[in-house]
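Asker: Required output: the full structure, derived from the provided sequences and hints.
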Amino acid sequence: ILVSLLLALNLSGTLQYHLNVRYQRENWRSLYQEIAKNYPVSETVLLFSYPAPFSPWVWYDQENYPVVTTGKLYIKNVMALSSITKSVNDYRYVLLFDYLRDLTDPDDQLRTELWSLGFHEINTLDYPNIGFVRVFSRNKPTAKLSTFNL
Numbered sequence: 002i003l004v005s006l007l008l009a010l011n012l013s014g015t016l017q018y019h020l021n022v023r024y025q026r027e028n029w030r031s032l033y034q035e036i037a038k039n040y041p042v043s044e045t046v047l048l049f050s051y052p053a054p055f056s057p058w059v060w061y062d063q064e065n066y067p068v069v070t071t072g073k074l075y076i077k078n079v080m081a082l083s084s085i086t087k088s089v090n091d092y093r094y095v096l097l098f099d100y101l102r103d104l105t106d107p108d109d110q111l112r113t114e115l116w117s118l119g120f121h122e123i124n125t126l127d128y129p130n131i132g133f134v135r136v137f138s139r140n141k142p143t144a145k146l147s148t149f150n151l
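Per the working numbering, residue 2 is the first one in the sequence shown, and the count goes up by one each step.
Since the hints were made in silico from the structure, they are not lab data.
Idealized CB from N, CA, C, for every residue including glycine.
You may find that some hints are simply not true.
To be verified - No farther apart than 35 Å at their CA atoms in a straight line, the calculated lysine-lysine pairs in the DSBU-like style are these:
id: 1; residue 1: K87; residue 2: K73
id: 2; residue 1: K77; residue 2: K87
id: 3; residue 1: K87; residue 2: K38
id: 4; residue 1: K38; residue 2: K73
Said to hold, decoys possible - Label pairs and their in silico Cβ distance ranges:
id: 5; residue 1: N28; residue 2: P67; range: 19 to 25 Å
id: 6; residue 1: Q17; residue 2: I123; range: 32 to 38 Å
id: 7; residue 1: R139; residue 2: A37; range: 17 to 23 Å
Answerer: What follows is the structure, encoded as structure tokens:
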């Protein structure tokens with residue numbers, strides 16, 4: 002009976018892992034594929050509030066996207082944040098990774114810097130266990146107006 006109970010518990014856990022996204026690992030591969038599909042390498046820079054790009058990103062990044070990092074674990078220790086963020090000026094899209102940013106940038110300084118440079122948040126990519134990747138562009142998002150026949 003004990004063996005049957007252990008096998009049932011094991012099977013239940015295995016099914017939960019495969020059927021429920023909350024229990025799966027971070028899906029960096031799908032995130033990379035979506036970014037590669039929608040944001041060209043020549044027009045896009047990735048911004049990490051971390052000393053270096055995250056290892057899973059480096060693993061999947063076959064296109065070698067340009068990357069800007071704060072170089073520190075805690076953003077308040079960055080002396081020249083504005084000079085770091087100004088390096089994104091040559092790009093159409095800036096993708097800001099929220100992964101661990103609550104710890105490294107609790108005052109949301111990176112978003113404030115991007116706004117001060119004239120960037121607007123145009124999209125948010127949401128991936129379970131990775132968090133948000135905020136997409137910024139200098140082009141303001143435009144609302145599509147619907148035409149109603151009365």
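Asker: None of the hints should be skipped; say for each whether it holds.
Answerer: Status of each hint after checking the structure:
1. This hinted pair checks out: K87 and K73 have alpha carbons roughly 17 Å apart, not beyond 35 Å.
2. Taken as a hint, the K77 and K87 pair is honoured in the structure, with Cα atoms around 17 Å apart against an allowance of 35 Å.
3. For the suggested pair K87 and K38, the alpha carbons sit about 26 Å apart, so the restraint of at most 35 Å is met.
4. For a cut-off of 35 Å, the pair hint linking K38 to K73 stands: about 30 Å separates their Cα positions.
5. Distance hint check: the CB atoms of N28 and P67 are about 23 Å apart, consistent with the given range 19 to 25 Å.
6. Between Q17 and I123 the CB atoms are about 36 Å apart, so this pair conforms to the stated range of 32 to 38 Å.
7. The hint said 17 to 23 Å for the Cβ distance between R139 and A37, and at roughly 21 Å that hint holds.
Violation of the numbered hints given earlier is absent; every hint is satisfied by the structure.
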